[in-house]
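Here's the letter readout for the chains.
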Amino acid sequence: MRISRILVLAVCTACVLSQPGRSQSIALDQSPASPDSRLALTLPLEDKSVRFAVIGDSGTGDAPQYEVAAEMEAYRQATNFEFVLMLGDNIYGGHSARDFERKFERPYRSLLDAGVRFYASLGNHDDPNEERLYKPFNMNGERYYTFKKGNVAFFALDSNYMDPEQLDWLEKELRNSNADWKVCFFHHPLYSDGKFHGPDTNLRAQLTPLFLKYGVNVVLSGHEHVYERIKPELGIYYFVLGNSGQLRFHNLRPSSEMQSGLDTDQGFILMEISGNKLYFQTISRTGKTVDASVLARQSKPAEISAVH
Amino acid sequence: MRSIVILCLSFSWCGGRVVAQVAPVNENSAILADFSHRVAEYVKLRKQADAGVPVLKQTNSPHEIAERERLVAERIRDARGNAKQGDIFTPQIAGVFRHLMSSSFKSDEGKQIHQSLRHAEPVKDVSVRVNQAYPEAVPLQSMPPTLLQNLPELPKDLDYRIIDHDLILRDGQANLVIDIIPDAIPPSINANAHQ
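Chains A and B supply the protein sequences, listed in that same order.
In terms of this note's numbering, the first sequence is residues 683 to 990.
In terms of this note's numbering, the second sequence is residues 43 to 237.
These are computed hints drawn from the structure, not numbers from a lab.
Treat the hints with caution; some may be incorrect.
Stated by the list, open to error - No farther apart than 20 Å at their CA atoms in a straight line, the calculated lysine to aspartate or glutamate pairs in the EDC-like style are these:
{"no.": "1", "chain 1": "B", "residue 1": "Lys153", "chain 2": "A", "residue 2": "Asp845"}
{"no.": "2", "chain 1": "B", "residue 1": "Lys99", "chain 2": "B", "residue 2": "Glu109"}
{"no.": "3", "chain 1": "B", "residue 1": "Lys198", "chain 2": "A", "residue 2": "Asp845"}
{"no.": "4", "chain 1": "B", "residue 1": "Lys89", "chain 2": "A", "residue 2": "Glu824"}
{"no.": "5", "chain 1": "B", "residue 1": "Lys198", "chain 2": "A", "residue 2": "Asp850"}
{"no.": "6", "chain 1": "A", "residue 1": "Lys817", "chain 2": "B", "residue 2": "Glu106"}
From just these sequences and the hints, can you work out the full model?
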């Protein structure tokens with residue numbers, strides 16, 4: 683059965699939050715704090731939580747990118763999310779000033795004007811030299827970098843070119859991080875049920891040992907022009923989001939690894955991290971919430987390793 | 043083998059001009075020391091070209107970034123006016139690289155490397171030339187990490203890229219093709235097809 687044709691929601695209502703790698707579903711018809719009654723907000727909007735949005739493969743400059751951006755703005759007004767993670771392919775095609783304007787500045791103008799910061803990672807369609815120096819992408823002139831918000835450390839990687847130097851850097855940064863949550867984001871997915879690309883197993887073989895050793899909690903990737911949430915792999919939560927501008931229609935081939943997916947529309951993810959919980963909500967271009975859940979923070983790296 | 047390569051490269055890059063002082067452990071290491079020397083010479087030339095262009099920090103203007111890239115590239119192109127394919131990847135060096143690539147594909151991780159190449163977005167039917175820009179709108183194919191581990195490390199801002207079966211040495215900041223090894227990937231490897 684092609685369950686990818688429709689939104690697939692997590693239905694593991696019996697899951698226990700304290701167990702690593704488990705999630706709890708959220709009723710999608712609740713709208714606790716939304717000023718816009720059209721919005722089906724499931725995030726709790728707790729005090730001092732870290733709130734952000736995620737987009738991937740966004741930079742087409744076409745109408746769907748603008749429509750996703752409009753939904754993001756509507757949800758920003760409801761949630762006050764502070765920043766956006768970009769999973770690569772931020773600017774497709776040419777990289778002239780006009781391209782940056784049409785494929786980034788104009789669609790996200792209202793977010794930028796509201797002070798929302800964008801943190802970019804590089805995809806294969808990106809120009810590393812131009813984008814790492816482009817101030818609104820906040821890459822500090824580097825192909826890979828890290829930053830911290832509250833109790834969450836973010837690691838932006840360049841999966842196009844995972845050379846030994848970058849791996850050494852990542853290990854050092856992960857080892858030195860004392861954050862409660864460690865989130866890695868980069869372009870090429872380690873797990874994917876997309877028919878067009880599939881997972882990068884060579885990249886997976888290099889990164890997974892580091893993720894396990896240093897307790898990475900969440901991994902976000904793009905490249906595949908669909909949305910997919912993978913069942914926790916070795917206790918780590920994996921999301922694929924490559925449809926914030928692009929879309930590869932009906933391109934998911936759901937396997938037993940897939941928790942939920944969307945391959946019939948563009949979308950973005952909203953995330954909120956508060957204490958030991960990560961709440962997320964995946965929203966389509968048309969404003970439909972297609973996946974939402976709350977994930978428990980995995981306790982310790984050793985515990986993650988012990989899962990398998 | 044890899045430790046030998048790294049030893050030779052680090053000596054030649056740290057000390058410059060010291061290739062002759064590093065006793066080649068075997069023929070391949072001498073050839074790769076020659077490669078590191080040629081790369082070091084390029085880096086020296088590149089630094090001179092770079093020095094004549096104002097330093098650019100982060101900016102809101104893509105035009106400024108592109109303009110600086112263009113200026114640096116122009117100065118490098120002028121300084122390497124006679125550059126031709128094989129200047130850095132001499133036939134001997136290219137031979138060793140082909141061997142390293144081939145060994146990678148035959149190793150235990152060969153299947154992963156092959157899969158990684160196919161699952162990236164393979165770049166083909168693109169013509170590039172030494173001392174010319176890598177085409178702006180053509181994606182950069184991602185490099186399998188294990189392949190990068192098996193090739194000599196490069197100084198910052200230079201990278202290896204693959205187009206079809208060719209290996210490109212690229213200056214990332216100037217977006218210039220420095221040299222090319224045609225058919226660096228064994229012909230038996232189909233790096234283009236998606237699964």
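Status of the hints after comparison with the structure:
With a C-alpha separation of about 19 Å, the suggested pair Lys153 (chain B) and Asp845 (chain A) falls inside the 20 Å cut-off, and the hint holds. Proximity of Lys99 (chain B) to Glu109 (chain B) is assessed by CA-CA distance (about 13 Å); at most 20 Å being required, the pair is judged to hold. With a CA separation close to 11 Å, the supplied pair Lys198 (chain B) and Asp845 (chain A) stays within the 20 Å bound. For the hint pairing Lys89 (chain B) with Glu824 (chain A), the CA-to-CA distance comes to about 19 Å; that is within 20 Å, so the pair holds.
A threshold of 20 Å between alpha carbons decides the hint, and for Lys198 (chain B) with Asp850 (chain A) the separation of about 14 Å falls inside it, so the pair holds. Our distance criterion of 20 Å between C-alpha atoms is met by Lys817 (chain A) and Glu106 (chain B), whose separation comes to about 12 Å.
In summary, this structure violates none of the numbered hints.
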